[in-house]
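A.B. asks: Quick note: the sequence shown, position 65, residue 65 per our numbering, numbers continuous.
For the record, the hints were derived by calculation from the structure and aren't laboratory data.
Be a bit skeptical, because a hint or two may be false.
As the list claims (entries may be wrong) - Below, computed lysine to any residue pairings styled on SDA-like, alpha-carbon distance capped at 20 Å:
hint : residue 1 : residue 2
1    : 50        : 4
2    : 97        : 73
3    : 55        : 71
4    : 10        : 38
5    : 24        : 55
6    : 50        : 10
Said to hold, decoys possible - Pairwise CB distance ranges, derived in the manner of DEER restraints:
hint : residue 1 : residue 2 : range
7    : 23        : 105       : 45 to 55 Å
8    : 42        : 17        : 15 to 25 Å
9    : 6         : 113       : 44 to 54 Å
10   : 24        : 89        : 43 to 53 Å
11   : 109       : 23        : 25 to 35 Å
12   : 98        : 17        : 39 to 49 Å
13   : 54        : 112       : 22 to 32 Å
14   : 110       : 16        : 15 to 25 Å
15   : 107       : 26        : 46 to 56 Å
16   : 103       : 12        : 17 to 27 Å
Bear in mind the structure is a predicted one, so any value in this text is a computation, not a measurement.
For each residue, glycine too, the CB sits at the ideal point set by N, CA and C.
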Amino acid sequence: MDNNDIELAKMLLPDLPLNVISDKLEVPLHLLAQEVLDCDFELSESVFTKRLAAKRIRLGEDSIERFCPRCEEYYPLVEEFWHRTRSQIGGAHSMCKGCERERKSKMRRAQGMKPYKLHH
1 MDNNDIELAK MLLPDLPLNV ISDKLEVPLH LLAQEVLDCD FELSESVFTK RLAAKRIRLG
61 EDSIERFCPR CEEYYPLVEE FWHRTRSQIG GAHSMCKGCE RERKSKMRRA QGMKPYKLHH
C-alpha cells in the first residue's frame, strides 16, 4: 500500500465504509485501518480480526477505538487513552488510563499508602 492508496482512502472515507474501501483497493482491512485512522498501536491481522469480531475494538469516524472492560466505554487506541505494555499482544494495557489510575489509587489507599503526587 503506497501513499496514493492512503490518500485515496482518506478522500473516500466520508462517503464509504472502510471495509468497502478495503475491498475496492484490494488492501487488507487491518492495514488500511491502521494507516487511515488514528492508532498508536500496531495490531496483527489475526488480533485485529478477533478483537473486531468480539467487539473489543471498533472502527470509529477518525480512529480505531478500543473497549475498556472496567468503565465499559470505547476510547481511541492512542497513547492519550492507553498505556503501552509488552505483556499484551496489541501493546496496549487492558484498561484505559483513567480506570488504571483509579485502580492504582484504590490499591494504594488499601495498603495505607498516600496517593502519588508530584512535588516540584
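A.B. asks: Against each hint, give a clear statement of whether it holds in the structure.
C.D. replies: Here is how each hint holds up against the structure:
Annotation: proposed proximity of residue 50 to residue 4 is violated, straight-line Cα distance about 29 Å (limit 20 Å). Between residue 97 and residue 73 the alpha-carbon distance is near 12 Å, which keeps this suggested pair within the 20 Å criterion. A hinted pair counts as satisfied when its Cα atoms are at most 20 Å apart, and residue 55 with residue 71 qualifies at roughly 15 Å. About 12 Å separates the Cα atoms of residue 10 and residue 38, which keeps this hinted pair within 20 Å; it holds.
The hinted pair formed by residue 24 and residue 55 fails the criterion: a straight-line CA distance of about 24 Å is larger than 20 Å. Under the criterion of a C-alpha separation no larger than 20 Å, the hint pairing residue 50 with residue 10 is inconsistent with the structure, at around 25 Å. For residue 23 and residue 105, the hinted distance range of 45 to 55 Å is satisfied, since their beta carbons lie about 46 Å from each other. The beta-carbon spacing between residue 42 and residue 17, approximately 23 Å, falls within the hinted interval of 15 to 25 Å.
At roughly 48 Å, the beta carbons of residue 6 and residue 113 sit within the given window of 44 to 54 Å. For residue 24 and residue 89, the Cβ-Cβ distance of about 30 Å falls outside the hinted range of 43 to 53 Å, so the restraint is violated. For the hinted restraint 25 to 35 Å between residue 109 and residue 23, the CB-CB distance of approximately 52 Å leaves it violated. Range check, residue 98 to residue 17: Cβ separation about 30 Å, and the 39 to 49 Å hint is violated.
For residue 54 and residue 112, the Cβ-Cβ distance of about 39 Å falls outside the hinted range of 22 to 32 Å, so the restraint is violated. Evaluation of the 15 to 25 Å hint for residue 110 and residue 16 yields a failure: the beta carbon distance comes to about 50 Å. Between residue 107 and residue 26 the Cβ separation comes to about 49 Å, which falls inside the hinted range of 46 to 56 Å. At about 41 Å, the beta-carbon gap between residue 103 and residue 12 misses the expected band of 17 to 27 Å.
Violated hints, in rising order: 1, 5, 6, 10, 11, 12, 13, 14, 16; the structure is consistent with all others.
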